[in-house]
Each structure stands twice: as C-alpha cells, then as structure tokens.
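Number of protein chains: 2
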Amino acid sequence: MNICVTGLGLLGGSFALGIKSKRKDVRITGVDISIENRATAQRIGIADEPGEFESAVAKSDFVVIATPVSSVAELVRKALDRIKESAVVIDLGSTKGLICQEVAGHPRRGRYVAAHPIAGTENSGPESAFPTLLSHKMMIICDREKSDPEALRVTEEIFKDLEMKISYMASAEHDRHIAWVSHLSHISSFALGSTVLDKEKDERNIFNMAGSGFSSTVRLAKSSPDMWAPIFSQNSRNVSEALDAYIKKLQLFKKIIDENDEISSHNLMKEANEIRRILTGILKSE
Amino acid sequence: MNICVTGLGLLGGSFALGIKSKRKDVRITGVDISIENRATAQRIGIADEPGEFESAVAKSDFVVIATPVSSVAELVRKALDRIKESAVVIDLGSTKGLICQEVAGHPRRGRYVAAHPIAGTENSGPESAFPTLLSHKMMIICDREKSDPEALRVTEEIFKDLEMKISYMASAEHDRHIAWVSHLSHISSFALGSTVLDKEKDERNIFNMAGSGFSSTVRLAKSSPDMWAPIFSQNSRNVSEALDAYIKKLQLFKKIIDENDEISSHNLMKEANEIRRILTGILKSE
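In order, the protein sequences belong to chains A and B.
If you're matching positions, the first sequence starts at 1 in our numbering and goes up one per residue.
If you're matching positions, the second sequence starts at 1 in our numbering and goes up one per residue.
In case anyone wonders, no lab produced these hints; they're calculated from the structure.
Just so it is clear, CB atoms sit at the ideal spot from N, CA and C, and this is done for glycine as well.
A portion of the hints provided could be inaccurate.
Quick list of in silico lysine to aspartate or glutamate cross-link-like pairs, EDC-like style, CA-CA up to 20 Å [unchecked claim]:
#: 1; chain 1: A; residue 1: K255; chain 2: B; residue 2: D244
#: 2; chain 1: A; residue 1: K201; chain 2: B; residue 2: E156
#: 3; chain 1: B; residue 1: K248; chain 2: A; residue 2: E241
#: 4; chain 1: A; residue 1: K248; chain 2: B; residue 2: E156
#: 5; chain 1: B; residue 1: K201; chain 2: A; residue 2: E74
#: 6; chain 1: B; residue 1: K146; chain 2: B; residue 2: D161
#: 7; chain 1: B; residue 1: K201; chain 2: A; residue 2: E271
#: 8; chain 1: B; residue 1: K201; chain 2: A; residue 2: E241
Using C-beta positions, here's what the derived DEER-type ranges look like [unchecked claim]:
#: 9; chain 1: B; residue 1: E274; chain 2: A; residue 2: I33; range: 23 to 29 Å
#: 10; chain 1: A; residue 1: D161; chain 2: B; residue 2: E259; range: 21 to 27 Å
#: 11; chain 1: A; residue 1: H136; chain 2: B; residue 2: D258; range: 24 to 30 Å
#: 12; chain 1: A; residue 1: G281; chain 2: B; residue 2: K146; range: 34 to 40 Å
#: 13; chain 1: A; residue 1: R276; chain 2: B; residue 2: A170; range: 33 to 39 Å
#: 14; chain 1: A; residue 1: I263; chain 2: B; residue 2: K59; range: 50 to 56 Å
#: 15; chain 1: B; residue 1: N267; chain 2: A; residue 2: S167; range: 45 to 51 Å
#: 16; chain 1: B; residue 1: I263; chain 2: A; residue 2: D258; range: 50 to 56 Å
#: 17; chain 1: A; residue 1: I263; chain 2: B; residue 2: S34; range: 27 to 33 Å
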C-alpha cells in the first residue's frame, strides 16, 4: 500500500512511524513544504521517499493530510481531484466543521474521511514524532455518512492496525465539544505562560520558585503557533464561548478572593475537585 | 532527635518519611486533629507514635508545622511557648508574610525558621506522602535574619539531609513571587476544571474527547481546598494582582479570536512559547 503523508510534523510523522511498525506492506511518500522537514523525515525513517504533493497523491492508495487546519480543505480537494478511483483521503485536523463544509460539494467527497485523533504532545516537527503516539488513543471520525462505506472500511482498518479506538460524531458537535476540552485548555496555558513571562520583566528570577505544578499547567504553552492559530480561527465561535465562560469563572474567583470569602473559595475548589473522576477515566483509557 | 510533625498530610508526611530514610537517630511523633490521619500515619510508618500537640512539642528537639496556613501562626506561637530551650520550630506553608508578621513579637521568635518547599503534588492526606517528595527540591527560608544562627544551622542540616537546595528570601518577596508561579497556576487549573464541569451538565460525554493535554492543564484542580482556601486568603493582594493580569491576557486573547486576527494570535502564542526556556530549567533542576 502506497501512503502519502502530507505534513511531516508530530501527527503526520507519528502516523507514518506507527503504521510502518504495524504493517510490512506500506511505503510512505513524505510531502512537506519545508525541504528541511522532508530531509529530516527521510533521515529518521518517517518517509521512505520524499515527494511532491501532486505526483505523490496520484500514485497513492491512501493520502493523509496532517498540515495546519488552514490548508487542509484545499489540500483535501486537490487530492480528491488527483487520486486513483480506489484511493482514500483523510485528514487529522483538530477542527472538522469548516473543513467538512468546504469539501462538501466535491464530486468525489465519498473518498474523503474526516478524522481527528485525541492525541498529541506540546512538541512539533518531524523529530517530535514517535510510533506509539496514536496507540490506544481515540480517533474521532466525523460525518461518516458522507464517506463511501468502502473508503470508511479501509480507513478504519488502518486505525485499528494503529490500535486506536474509533468513535463517530457530527463535525459540528465535534467542534463544539473539542473547544472545551482541548482548545480552551491550550488557551488557558498559553495565556498563563504569557502572563508570567510578562511579570518576569519586572521581577527577575521569579521562575526560580516554579515547580512541577506550574510546569504541568503551562506545558501546552510550548505548542506550535503555526498549528494553533488556524485552529482558533476555524473554531472561533465555540472557542470564544468557552473562553467567555472561563473568564467569568476567573472573575468570580477573583471577586471571592478580593472579598476574603473563604467559604465560597473552598466551595468552588471542592466542585472543581470533581475533575478527579474525569482524569481517572482519561488515565484508564490511555 | 525527637521530631514532632504536626499535620500528617502530603508535606508533613513526606518530610517525616524523607528524614527517617536519611537519618537513623530520629523518632517522629505524629500530631493531627484527625484521629484517622494519626492512625494512618502510624500504620504506614510516617510516625513512630501518635501524640497530642502540647506534650509532643514539649519533648521534641525539632517541631514541624505542616497544617493549612490559617492555623500555622497560632501553632508556631503555641509551640514556641512550650519547646525546650534548644529546640527549633519550622513551618512548611505556601505563604510566609502574614505568618512571619504574626509571630514577630514572640519572645522566642529566634527559635522559629519560616520555610516553604517548592514541592508538592495534587494529592493530599497521609497516604499521598512519599519519602522523596522533597529530594532535590528547593526549600526557601524566609526572613533568615529573624532566626537564631544556631536554629538556622540545625534546620539547614536537616534540609541538606533531605538533599534539598536552600534559598533565602524576604517573606514579602516570597509571597509576591509565589503568587505568580504557584498560586495563579492553581487558580487557572481550578477554574478550568470547574468551567468544563459546568459545561458537562449541558453536553454530556464531553470528557470522552479529553486527552493528555487537558489532563496536564487541569491536574492541579484535584488539590485540597482545605489547604488552598487559606493560602488564597493570606496572599489575597498578590494573588488578586496576578489573577487580574491573567484575566486581562485572556480577554486580549478572546478579542483577538473574535476579530479573527490570526497574526496577533500567532504572536501571542509565539511569545508564550518562550516558556520552554523556563520549563527546561525546572526539569533540569528536578
């Protein structure tokens, strides 16, 4: 099976390494606008050969688009224009609504499967990729009824080879939910990092006192702006709503602290402790 | 050496387990207002024997107060009233300014050393304690000039036995800095957990889509409200200032997203990426 991976970063690279470790019959052509990424991907074994998008897509059985979401719809359409009749195109973007809308009218829409893996780290680029990133993680397939059953079957087989759990959802619902449990936590972390870095300009050595709790909360602030700026744009309505609720909660917390209302402060935290139930679930599933 | 540990939770328990693993000559008396915690602490080897505060303090060479910060000043004063002439009292609270003020007038102030270890987890209670929690972590000693040189020496020897790095700071400066790199990140995490839990009431199964990034950001929301409510009260002015800056940053981020200003969004995240430098430093030091 010839697989074309376009976008040789954390997700595309890990997909390639993962599927190569599971199936002997795959040959990966690596496509990336960065010459450096293409070279790195080949050197570290993500791609068997580098390729140009149009020719690589034309000869592939399976095309994975793993670029920033701003370029996904266009690349999916271009790929659908060029693929063999039996080939399939998927993407791995963190937004699904706009992409699905923008490819909706394509005559070969059925050959496209919209997917989003609930997996990632704060690192980016081909060198951050590793073969087990996707193992045992959830892959959400959106608007499955828009994909040909056979294209869906081929895709699901590959996801199963990667030992992923598959889940189905409407693209609009996906975007609404993911804003709260992924996009918002990235913003909270970027903003926290930025706030404390601003403060460091006045109070040097402030970070000498930072420990593992701070590290954990601010870890996602290391994430790639190239990936995340288009995600926030594409999902702006849902992200803005989630962010509004978060700001209101923080304002309430601030009011409680300013009023020295220790009972309300305690209650708010007690409610937040309920997150333990959720986190236990996430850990179990990984 | 007879050591009295008052407050047999994560920090007090880990202090006791740590020093017992490093020194053979110590005997720990465990004091806690909870009968259950006292029993657990003895069962799992934190304390060699349970004790009542007044009598335990009177017979000890070294007294550690590891209770919520709201009770620290009073317990320090009571301990100073009762200890042997050569004994030392320390606390491990996350705020230092108010505590130092409240013990300032005590005739035996010199026997007290105000300390704060940059160490912790999101768990609490004696069963969360482990002997290496404090190893290689930073212990901040505040207002050292207020402690007798000999009391300081005894204390520092114990911290060195625990393989801690010692740092010195004025209590006011400690509270100002710790608000940004510890207290604020706890609030950001409590508020994030609480916000998404609120949303879950409308959108069930929302957490099915949460992954390791969300877990990391919201981990501190599991922390004990009994510990944290008094911390935010005691350091309310600094915490409120930090929280205000954080809310303003989030409001800016929201405005940028609402205006679909992808360049500013990218720039804000690019600046936040600088946190990588800090986190590398924290990891190296642990």
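ask   = Between A/K248 and B/E156, is the straight-line Cα distance small enough, at 20 Å or below?
value = With Cα atoms ~44 Å apart, A/K248 and B/E156 exceed 20 Å; violated.
ask   = Does the Cβ distance between B/I263 and A/D258 fall inside 50 to 56 Å?
value = violated (35 Å)
task = Starting from A/K255, check that the Cα of B/D244 is at most 20 Å away, please.
result = holds (10 Å)
query = Given the proposed pairing of B/K201 with A/E271, does the C-alpha separation stay at or below 20 Å?
reply = holds (13 Å)
request  = Sort out whether A/E74 lies within 20 Å of B/K201, counting only the CA atoms.
outcome  = Distance of about 37 Å is beyond 20 Å: violated.
task = Take the C-beta atom of A/G281 and the C-beta atom of B/K146, compute their distance, and say whether it sits inside 34 to 40 Å.
result = The hint (34 to 40 Å, Cβ to Cβ) is violated, given that A/G281 and B/K146 are roughly 48 Å apart.
request  = Assess, step by step, whether the Cα of A/K201 is no farther than 20 Å from the Cα of B/E156, and give holds or violated.
outcome  = Outside the cut-off at roughly 31 Å; violated.
request  = Using the Cβ atoms, figure out if A/D161 sits within 21 to 27 Å of B/E259.
outcome  = About 43 Å separates the Cβ atoms of A/D161 and B/E259, which means 21 to 27 Å is violated.
ask   = How does the Cβ-Cβ distance of A/R276 and B/A170 compare with 33 to 39 Å: does it lie in that range?
value = For B/A170 against A/R276, whose Cβ atoms are near 37 Å apart, the range 33 to 39 Å holds.
key: C-beta pair B/N267, A/S167: status relative to the range 45 to 51 Å that was hinted   = Hint violated: Cβ distance 35 Å, outside 45 to 51 Å.
task = State, for the Cβ atoms of B/E274 and A/I33, whether the hinted interval 23 to 29 Å holds or is violated.
result = Holds, at about 25 Å.
ask   = Measuring from beta carbon to beta carbon, are A/I263 and B/S34 in 27 to 33 Å?
value = violated (20 Å)
Checked against the numbered hints given earlier, the structure breaks hints 2, 4, 5, 6, 10, 11, 12, 14, 15, 16, 17 and satisfies all the rest.
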